[in-house]
Every structure is written in C-alpha cells, then in structure tokens.
Amino acid sequence: MALQGLEIRRSSASLRGGGTGLRKMPTVAKYIDTTICIGCKACEVACQEWNDLPNAHTAQTGTYQTLPTMTANFWNLIKFREVETPEHGLQWLMRKDQCMHCDEPGCLEACPAPGAIVQYVNGIVDVDPERCIGCGLCETGCPFDVPRYAQGTNKMAKCTLCVDRVSVGLEPACIKACPTGCLQFGDKASLVELAKHRVDQLQADGFAQAAYYDPQGVGGTGVITVLKHGDHPEWYGLPKDPTVPTTVSVWKRVIHPIGFIAMAAAVFGAIGHFMAFGPKKPKDTSKESGGEV
Amino acid sequence: MKRRTFLKGSAAAVGGAVALGFDLRQARAEMRELKIARTTETRSTCPYCSVSCGVIIHTLGDKSKNVKPSVVHVEGDPDHPINRGTLCPKGITLRDDIVSPSRLTVPQVRRPGSDTWERISWDQAISEIARHVKDTRDRTFVAKNAKGEVVNRAPGMGIIGGCTDTNEFNFLMLKAIAGLGIPYRDTQARV
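Chains A and B are the protein sequences, given in the same order. Residues in the first sequence are numbered from 1 upward in steps of one, following our numbering. Residues in the second sequence are numbered from 1 upward in steps of one, following our numbering.
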C-alpha cells in the first residue's frame, strides 16, 4: 500500500509509531472567539454537509442547543449555557464544541488498536475506521468527552479537522462558513498571537478576566478558545485543567509494558527450556507395574 | 542446538510477538480523498434571503457527454464581495434543497375551490398568467384620479423581485411592469 497524505507524528499502539520524523510542518489550529459567536450554527451545518453525515433527530428541550451532546454523526455542537452569578448576573454563553486535537491526545494514548488513532505532522488527530476495533477505550482517555461510537459498528467517530480539506490546502468546512468571523484557521503560532491580541482588547474593554484556552495539561490543543470569563472555563463546559487520566497513562506506560515483558519472558523462557532440555518425557512405568498391558 | 531447532524457535518467537500485539506493518497515513477534487464548479447566488450570498455549486463529473451531473456539494464563494466564502446555516444546506425529491421543478396551479395542485406545462402557465394579468388590469384599471388627472395605473397587481435577479433583469422587469401601470413594485436589486 502506497504511503499517501500527511506523514504521521504519532500512532496508537504502534511500536514504530509515525513516519520518518524528518518532515516538519506547522501545527494547524482552529481559533474560536466565543465573544463574537452569535450561535447561528452555520459551522454545525457546514460540518454535516461536508462530512455527508445524516441529519440528526432533534427535540425541543428548552434550549437553542441542537442536541444534548455530540453524537457519532454530529461532531460539531454549539453548547448554549446559562450561568447565573451574583457578580455577573445572567450570562448566556455559547461555545463551539468539537474534538480539541490535543498535542498529547489522551484518546491516542488509550487506544489499543495499532494505527486506529493517528496524529499527523500538522497536529490533526484522526481516527481510521478501518483499524478501529470499537472497544471504546478512547473515551476513557479523553478529558473533553469527545469520542462517540457509530451505531452498529461501534467504531469511533469525531471531528477530523477536515483533514481531507486541510491536506490539499483548504480550510475546514466550519471555519469557512462562519459568518461573523469568530472562527479562524491557520498555523497555531499565528492564531495564538491573534488570541493574545483579542484578549488584550477584551481586557481594555473591561473584561479583566478574559483569557484564551489552550490547556497545557494535554500539551496544548489544536482549538484555541477566547473566553470572556477566562477564569471560569467550566462556565463554557470546558474542564479547568484537563489532563489525560492517570489510570490511562499508568496502564499504557507502566502496566502494559511490564505485562508485555512478562508475557514475552514466559514465551522465550518456554522456548529456551524446550531447546535446552527438550520435551518432558513420561516416566517409564512398564517395569514398576510388571509389564502388564 | 540444531539449525532446525533454532529456526523453529525463531518462528515461534515472531509468532508470539505478533500475537502479543506487535504491529509489523508499516505505519501509514491514509485519509479521505477530497470529495470535490475534480467536480465541476459553478458560481451561483443563494436563493434564500435578500443578502444574495455567492455560492459555488460542485457538480459530479466534468461535463462530459456521457455524464449525468448531480450536485454533490455547495459552499460559499470566496471571491464574492458580499459573503467572501461564508454562508449562514440555511444557505449552507443548499445541496439538500437542490437534490430534494420535493423540490418544485414544474409549474403547478391550484384552481379556485380546488384542494389539489395540478401540473401544467410552461406554455400553459405563461398563457394563463398573461390572461390573468390582462383581465386584472382591465378590471382594476384607473385612468384618471379623483382630480381628473391622467394616472393610467393598474393597482390590482403587484410584483416583487427575487434575490437572484441581476441588476439588468431588475431594470427590464421594472420597465415592463411600469409599462403595465402597476404601481406596487419592488426588487431585491443587489446582484
């Protein structure tokens, strides 16, 4: 099979992991400015259209939010949240929620299927349905509750950051659609600059707590979110200090190798024993029993 | 150790390693191909609201003689001065509107008193509309107002333009409608 597309930086459960490591590309990212998002959901629809996902069945639950959570065929969801505090009064906060494309992805760490979850050199975290075994372990590694599983096949599906578009030089579908310009796409370094500039503006406008969300607990994310209340990311449904769960990293980095070595030692020990001493021969019992048949 | 034993042992070791989860295949990157790589691109205008965003319609095939084209994707036109590539959530569903089985593609009429839509030909539709225009104009024509001044107007009708109508089309439409004396007229002259 020919090597095609972007080179891989990391690959789940693979000893040889990625590619040559020679090719360097800028890490791409999405920029979400929640302060100018109007909640129009053009990004949601653009995602559905581009990825040929069937329409989701919706129900009125007293909110503008399309669905209660993301689903296997709905990867991009505007979360509408009402937060009431004495100091700020009632806040109606909306944020585009999707895969965060972490630099150190917990899903990839947790995944036991070789090559099912990959990280390309440009930072995009993607899932290969052909190699996904539908075990559901990626969910345990994700601090943002992103992985969803397709009905029937149980294979994981999530935002791919439109890797098919990005790899040929186009922007992701959601970014292109956004009519207010609250979504931007580019290499991460320049988007961090943009986020800093926007935070300065917001702070000058009286939002002293404004900040951008790029949590270092997962090595930074491929989605930079500008928040008016940067001291309370949980108001937007974002974990305050996300990390890959210790159980996952202990399991994959300590227990798994130890178990692997133990099993390999057992196999090699058995082979060595066989070669050194040969097969175990049954005791010759014919003499003791007097040779009767 | 005999050579045969060594080979057996090696084979067992490799087999064991593969069974234990070593992946000996080359890691490779494969992703979805760009679905619009060789589609035919057609510039058009979103038909919904009066903002008149520019869209690009991606059609399957390269217009070859033996290809029956179908619309596979619609997205914003980055060269269009109004939307510069963006689209609203309604506009971005245009593909579904175009391929929808319930899309209206032929003239239909619901006669007075009827509860069903009747399919008619374009010729019939145009001649029936012309008949209605003539009859309505004759019935409601006002040649002179209360002061006796000549006004020649037909206030029984009105016309409104569509958002995909071009300036030139709107110019001609207003000329024609003004010629009939219809005073209630509006365009969405933005394209």
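It should be emphasised that the hints constitute simulated quantities derived from the structure, not laboratory data. The beta carbon of each residue, even a glycine, is placed where N, CA and C say it ideally should be. One thing to keep in mind: the hints can contain errors.
[To be verified] Listed below are the simulated BS3-like cross-link pairs for lysine-lysine, each with C-alpha atoms no more than 30 angstroms apart in a straight line:
{"#": "1", "chain 1": "B", "residue 1": "K90", "chain 2": "A", "residue 2": "K79"}
{"#": "2", "chain 1": "B", "residue 1": "K2", "chain 2": "A", "residue 2": "K283"}
{"#": "3", "chain 1": "B", "residue 1": "K2", "chain 2": "A", "residue 2": "K281"}
{"#": "4", "chain 1": "A", "residue 1": "K280", "chain 2": "B", "residue 2": "K63"}
{"#": "5", "chain 1": "B", "residue 1": "K8", "chain 2": "A", "residue 2": "K24"}
{"#": "6", "chain 1": "B", "residue 1": "K8", "chain 2": "B", "residue 2": "K35"}
{"#": "7", "chain 1": "B", "residue 1": "K35", "chain 2": "B", "residue 2": "K2"}
{"#": "8", "chain 1": "A", "residue 1": "K280", "chain 2": "B", "residue 2": "K144"}
{"#": "9", "chain 1": "B", "residue 1": "K63", "chain 2": "B", "residue 2": "K90"}
{"#": "10", "chain 1": "A", "residue 1": "K283", "chain 2": "B", "residue 2": "K8"}
{"#": "11", "chain 1": "B", "residue 1": "K63", "chain 2": "A", "residue 2": "K281"}
{"#": "12", "chain 1": "A", "residue 1": "K283", "chain 2": "A", "residue 2": "K24"}
[Claimed, not checked] Pairwise CB distance ranges (calculated):
{"#": "13", "chain 1": "A", "residue 1": "T69", "chain 2": "B", "residue 2": "T105", "range": "46 to 52 angstroms"}
{"#": "14", "chain 1": "B", "residue 1": "P69", "chain 2": "A", "residue 2": "T61", "range": "30 to 36 angstroms"}
{"#": "15", "chain 1": "B", "residue 1": "C49", "chain 2": "A", "residue 2": "T61", "range": "23 to 29 angstroms"}
Evaluation of the provided hints:
Simply put, K90 (chain B) and K79 (chain A) have alpha-carbon atoms about 19 angstroms apart, close enough for the 30 angstroms limit, and the pair holds. Between K2 (chain B) and K283 (chain A) the alpha-carbon distance is near 25 angstroms, which keeps this suggested pair within the 30 angstroms criterion. A C-alpha spacing of about 19 angstroms is found between K2 (chain B) and K281 (chain A), which places the hinted pair at or below 30 angstroms, so the restraint holds. Taking the CA atoms of K280 (chain A) and K63 (chain B), the gap is about 76 angstroms. The hint is violated against a cut of 30 angstroms.
About 43 angstroms separates the Cα atoms of K8 (chain B) and K24 (chain A), which puts this hinted pair outside 30 angstroms; it is violated. Taking the CA atoms of K8 (chain B) and K35 (chain B), the gap is about 49 angstroms. The hint is violated against a cut of 30 angstroms. Proximity of K35 (chain B) to K2 (chain B) is assessed by CA-CA distance (about 58 angstroms); at most 30 angstroms being required, the pair is judged violated. A distance of roughly 123 angstroms separates the Cα atoms of K280 (chain A) and K144 (chain B); the hinted pair therefore is violated under the 30 angstroms criterion.
In summary, the hint linking K63 (chain B) to K90 (chain B) is supported, as the alpha carbons are separated by about 28 angstroms, within the 30 angstroms threshold. Among the hinted pairs, K283 (chain A) with K8 (chain B) is consistent with the structure: their alpha-carbon atoms are about 26 angstroms apart, no more than 30 angstroms. A threshold of 30 angstroms between alpha carbons decides the hint, and for K63 (chain B) with K281 (chain A) the separation of about 78 angstroms lies outside it, so the pair is violated. Restraint check: the Cα-Cα separation between K283 (chain A) and K24 (chain A) comes to about 65 angstroms, which exceeds 30 angstroms; the hinted pair is violated.
In this structure, T69 (chain A) and T105 (chain B) break the distance hint of 46 to 52 angstroms, their C-beta atoms being roughly 39 angstroms apart. In this structure the supplied range 30 to 36 angstroms is violated for P69 (chain B) paired with T61 (chain A), their Cβ-Cβ distance being about 41 angstroms. Evaluation of the 23 to 29 angstroms hint for C49 (chain B) and T61 (chain A) yields a pass: the beta carbon distance comes to about 28 angstroms.
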